[in-house]
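Protein chains in written order, with our numbering: chain C, 1 to 1046; chain G, 1 to 297.
Simulated from the structure, these hints should not be mistaken for laboratory data.
Accuracy of the hints is not assured; some may be wrong.
[Said to hold, decoys possible] Computed, partial: chain G to chain C, Cβ under 10 Å: (1) GLY124; (2) LEU228; (3) LEU241; (4) LEU261.
[Claimed, not checked] Covered, in the sense of this in silico footprint (three residues per stretch, anywhere, with C-beta under 8 Å from a C-beta of chain C), are these stretches of chain G: (5) 103 to 116; (6) 189 to 203; (7) 231 to 239; (8) 243 to 256; (9) 271 to 282; (10) 285 to 294.
[Unchecked claim] Straight-line Cα separation of at most 20 Å, PhoX-like style, residue types lysine-lysine; simulated pairs: (11) C:LYS567 - C:LYS922; (12) G:LYS259 - G:LYS279; (13) C:LYS543 - C:LYS790; (14) C:LYS764 - G:LYS291; (15) C:LYS708 - C:LYS752; (16) G:LYS271 - C:LYS239; (17) C:LYS548 - C:LYS559; (18) C:LYS274 - G:LYS22; (19) G:LYS291 - G:LYS279; (20) C:LYS787 - C:LYS567; (21) C:LYS274 - G:LYS79; (22) G:LYS191 - G:LYS201; (23) G:LYS129 - G:LYS201; (24) C:LYS340 - C:LYS350; (25) C:LYS787 - C:LYS803; (26) C:LYS469 - C:LYS498; (27) C:LYS787 - C:LYS799; (28) G:LYS201 - C:LYS340; (29) G:LYS291 - C:LYS752; (30) G:LYS259 - G:LYS271; (31) G:LYS129 - C:LYS239; (32) C:LYS764 - C:LYS703; (33) C:LYS250 - G:LYS22; (34) C:LYS431 - C:LYS543; (35) C:LYS1034 - C:LYS845; (36) C:LYS274 - G:LYS19; (37) C:LYS1034 - C:LYS821.
What you are looking at is a predicted structure, and each value in this text was computed from that prediction instead of being measured.
All C-beta atoms in this analysis are idealised placements derived from N, C-alpha and C, irrespective of residue type, glycine included.
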Amino acid sequence: MKVFHAIWDHLNLLHIWAESSGLPLVISRRRGRPPKRPKPRPHPFALDSDSLREAIGEITGSLIARSANSGAVTIRLPSFSQGPLPSPELILETVRGDEQATALLPWKLATSTLDPHSALDLLLSLPIRPPHGIALGGSLRFWAEVAKFSLELIVRQCFVPTVQQIQPEGSTSARASWEVALGEEDRERLRLLAAAMPPLCRALVPSEDEPSAPPLSLISHFLNRTVDAFVRERLSATKFRSPRRGRRPKVIPLAEQWLRALSSADATLRAPDKELTAFTKGIDSWLAHIRPAGSEAPFRTCFRVEPPEDAEDGSEWRISFYLQANDDRSLLVPAELVWKARSRVVTFLKRNFENPQERLLADLGRASRLFPDLEESLQASHPTALELGTEQAYAFLRRSAPLLEQSGYGVLLPSWWGQPTTRLGVKLALKPKAKAKAAAKTGSGIMGLDAVLSYDWQIALGERTLSRKEFQQLVQLKIPLVKVRGQWVELRPEEIEKAVEFFQKKRAGQEMQLGEALRIGLGQGESAVGLPVMDIEGQGSFKDLLDKLTGDMKISLIKTPRAFRGKLRPYQRLGVSWLAFLRQFGLGACLADDMGLGKTIELIALLLHERAGKKNKLRPDPTLLICPMSIVGNWHREIQRFAPSLNVMVHHGAERLSGRAFKRAAKQHDVVITTYALIHRDEKHLAAVEWDSVVLDEAQNIKNPAAKQTQAIRRLSAQHRIALTGTPVENRLSELWSIISFLNPGYLGSAKDFRSSYALPIEKYRDSQRAAALRRLIGPFVLRRLKSDKSIIKDLPEKLEMKVLCNLVQEQASLYEAVVKEMLAVIESSEGIERKGLVLATLMKLKQVCNHPAQFVRDGSPLRGRSGKLARLEEMLEEALAAGDKALIFTQFAEMGGLLRPYLQERLGCEVLYLHGGTPQKQRDGMVQRFQEEHRGPPLFILSLKAGGVGLNLTAANHVFHFDRWWNPAVENQATDRAFRIGQRKNVQVYKFVCVGTLEERIDQMIESKQELAESIVGGGENWITEMSTGQLKELFALSRDAVSL
Amino acid sequence: MARRKKYWEDRYYPSSTAKPVKDGIKAKSQRGAIGETWWSKRWVSVLESFNMGARLGRGRSYARRGQVISIAVQPGRVKAKVQGSRSKPYAVEIRLQPLADRDWELVTEAMAAQAIFAAKLLSGEMPQKIEQAFDAAKVSLFPTSRSALDTDCSCPDWANPCKHIAAVYYLLAERFDEDPFLIFKLRGRTKDEIIEVMREKRAARLPEESVPSPADAGLMSDEEVTPLEEQLERFWQVGDLDTFEVRLRPPEVDGAILKRLGEAPFTIGGKNLASLLGKAYEAAGAAALRKASEDKA
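All chains should be modelled from the sequences, with the hints used to inform the complete structure.
Rendered as structure tokens:
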């Protein structure tokens, strides 16, 4: 794998370099003492120039890669005696030792260099999830964030044209450039970036012995250069003025030269020294108008807006002047107090201040240019405030206040200002069409998102709907700020106009589909009326449904179905009720609870609930459950366990039914379980059945909307659709789109629109407004509870154990049967110790086959797709990692651990630790320490049961996987307790893997059913099995038909 | 090789043969009126109202060509060197009658009565009503007649003002653009003196009250940097940027920066630079917004 890093230098170049795990890690050891000033040596595992460029092309496309040049830098890196330490992102195929950095040493490496414009291009086109085998190092991700900031500053027009005379003094040329102009909040964000800058960004060894630039200046430099490059490039096509007529003069005036130099590749201005100096001075003093005056001063000038106490008596709005402490914005010194100060240095609020009066006066003078009304108040000798009429106050709030704020003044506005609740908007009022009314009332009829409703827009002021008359009264006041029932509201003239227009055109009885109504009402964009949408409101019989959908009203809880064998935890009952509620109205639901919260039994309870309601009818249509191959057995067993009354048919394996036989069989069952892999292949048979519901487990399997499998699934006809997933869907938006489009087709619009209006702004730019809009939009259809939710925690035990039942794949099954056949024959003809040994050997072999054929055969063959357990482990780990959790994986076989480590590293793209009997003590300590580091360190830790089962403290993990079983609860619990012990602050989930229909399941059942056996006999290991008769062994080892999946 | 001058040319056609000056002070404005702010314009219009003849116009082109080598404003007087046709530059001196202390007293008293005077002056602008404050003392800020200007030039021209003096008049206007307090200096008071007096006057207008004395020290503002050697632990890691949201929305107030900057001190073809630059903001802002929605997924 390759890890990419970035470094920004003072020559305006971004250097990209990469580490490769395919290169040797160490250099040959130097002889003798290390020199005091070590000479830079070539970095042993950095990519060379050509491979680098090729790799950059892989990430961002060849166009950007082509604009890169070859470069070289010397960087200081944490190193040990034999070379630089790899970055944490670099996952090594070999096990990393316990090397500790002993020093920062200089290393020479090849880079690809990009000028500011190409650097911006590259950084902005980095993928959110890089391709397999490539990781973006912290420094690269950091500069990508800064690049987005550059882009933002251009979008927000926060840049200024500047000119600097080129040193030395007396020079006859100057450089024109664009620079960023940062407001106070932006400077705060700049500081946030500076604090987050990886130290690596400052590790460039400069040519001279100067110290590396501090983070703030480095970032400012980057911002200025990239903004300049972008604006300059963009302006090369812009004509600032009509072309000069007539002859071109010999000497072009500086102002004109400047405009040209700001908008073309050549940034130079030429003129005699004094002229240039005068020009530069002129521009500088012009630009000084926006430089925040004395931000280093302890105080700044601040305006506070106070509305009149009583709007009726015509009293005035007041803007009073204060000095505001820069380090604590809540400290205000009224102007009255400032005027009383007599000495030059005054102390307010324990802060010293030089010449406060002059500062206040100068600020007021500057502010009057942005806010001319201010001048009037300055007629007084000691002005403290300004009185304004409503119109003027409105102009101040809307136009002057933002300008003043950007210019570095404090502006304290009333809290209601700018709130959507104090603005004019519209509400979407919905009611069912006359004939649909009855259905909605009883809730029996299925409506779906395409149900047609009649709708009406209502003008609203905040929460309140306005009648035409009330609205007209407000309009007649003809003032932009009005107090309505004790609350100030803003009536924007342009919005009033739109509202007036709306009332003129208003027609009754328009229709809209429920889906569109929800999209408009919850997405809260602009309405057809041109006013912002405030709310969506159901009327009459429709009110309940809508309130429940939008979460304004609680959903009534269902009773636990009588046929359900077990107990639902309170949150599970809520989950089932929610599923039942959406189903009732024909809406697709996505249950996205955290892994381990019991989505499976929630769904089983729902199936029972549905069937209980249909007692009188004929057998209802079956439900089709689609899941990954590895958990078919798990589903089957869980349904048998919790809902024995349901008839389950498993549709997979070579002997599965087809055509008419399949259709007939399906109709005789309540649930048909099948796998994703089969959907496309068996579409013909599956599509022939009218399904009551289609349920997707691990619904992230349809994340690729173009896949044949996904499309086949979407074509299945069903009354109702449900998706189950444990991955945080809100973080994987393309997946979310695909799932919601399966559940409620069309609701999120086209994939392309969804990407541009939600996925891109949220994933790339962390747009919180878009994210909030999306959350509202999908809210009715997605229920996601986390283990860490307070309401969930109280329902959960601290340690939650569950069996994970996995299927064998065909290869495993054949091997398994071969082993059983061969061994039983030998066992039958042997006795005593020999027989004992053979039984134990058989147990061992069969367990190996259940784990993975490659472990049994030991042929070093590839692992993928050849073990149900491994597939399931991979799926579950993916979910745990997506939630940011850490996990322990126990196996009793050292060789299995050895196979798992590289496989999981490669598949999951993260470092995996592996501790076994042969790991030296020093390395063990290092691993434990790295694993326990909060928020970082490798997230997965494989341990051999014997070596890692005792003593270690691994509380950073909150998932424990037992990949194979020791059949001794005491030993397993001891291992589990590595995570579940003092220091653990989360709930711990324990998963014990068992292969369905094999000896693993049978032994597990025996232990479960005979607890006393487990305690006394099983405590001695697996010996008790050797005492079994051959007949018993035959039964124990036999492979039942449901063991195999495809 | 330059044409050899005939002996009379110096005397009779001097305007065409002034010696070029390397690095002279050129007027910023190369066309139209000189002076950007209302007060420098006022200075120019006061002078032009004195009917000083064609020399004034020639002085303006002198100023634009950069014939003035140096200018120094001192209390009550301006000294300048202007390159004419002779090899040695002419010495120009312009004196303005300084106001009497008593008059200054009255003027500052009037200015202290309204905060706008101090506010505007401190923010680098001349208050529009400044002349009212001088009226209060029955004096004038700008000269009211030619006789108020006492001038000297070492050139042989008998006209007053000669074009050399006139050139200095115009360049003075541009100096006033940069620093409005220079006008006061010419009338005998420096900026600091005026500010100090006004502070006292403001104080005098308030009842006496004690103010606590200075106590705490100032605040640190330098960027502190931890040496790399002490950061080996997190050497590769980005800090927490979860709260770093990128806001790709056009500005609340369009062209806000230019609005805040106000008129630029330069124009091209009669159009102010600030208004010409408006296009740059629109074009770059829109392009960046387009780039933000580019999608290479």
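Three-residue Cβ test at 8 Å for the coverage of the stretch 231 to 239 of chain G by chain C: holds (count 8)
Status of the LEU241 of chain G interface restraint (C-beta, 10 Å, chain C): 5 Å, holds
Proximity test - 8 Å, beta-carbon atoms, the stretch 103 to 116 of chain G to chain C, at least three hits: Check passed, 5 qualifying residues.
Take a quick look at whether LYS548 of chain C and LYS559 of chain C sit within 20 Å of each other, Cα to Cα. 18 Å, holds
Proposed proximity, LYS239 of chain C with LYS129 of chain G (alpha carbon, max 20 Å): Not OK: LYS129 of chain G and LYS239 of chain C at ~40 Å, beyond 20 Å, violated.
Verify the proposed pairing of LYS764 of chain C with LYS703 of chain C, using a straight-line Cα cut of 20 Å. 19 Å, holds
Checking one constraint from the list: CA of LYS567 of chain C to CA of LYS922 of chain C, max 20 Å. Satisfied? With Cα atoms ~48 Å apart, LYS567 of chain C and LYS922 of chain C exceed 20 Å; violated.
For a C-alpha distance cap of 20 Å, please report whether LYS271 of chain G and LYS239 of chain C respect it. 14 Å, holds
Are there three or more residues in the stretch 243 to 256 of chain G whose C-beta lies within less than 8 Å of some C-beta in chain C? holds (count 14)
Take the C-alpha atoms of LYS191 of chain G and LYS201 of chain G, compute the straight-line distance between them, and say whether it is at most 20 Å. 15 Å, holds
Mind checking the alpha carbons of LYS259 of chain G and LYS271 of chain G for me, to see if they're no more than 20 Å apart? 16 Å, holds
Could you grab the alpha-carbon distance between LYS469 of chain C and LYS498 of chain C and see if it respects the 20 Å cut-off? 16 Å, holds
Hint compliance for this structure: hints 11, 13 and 31 are not met, and every other hint is.
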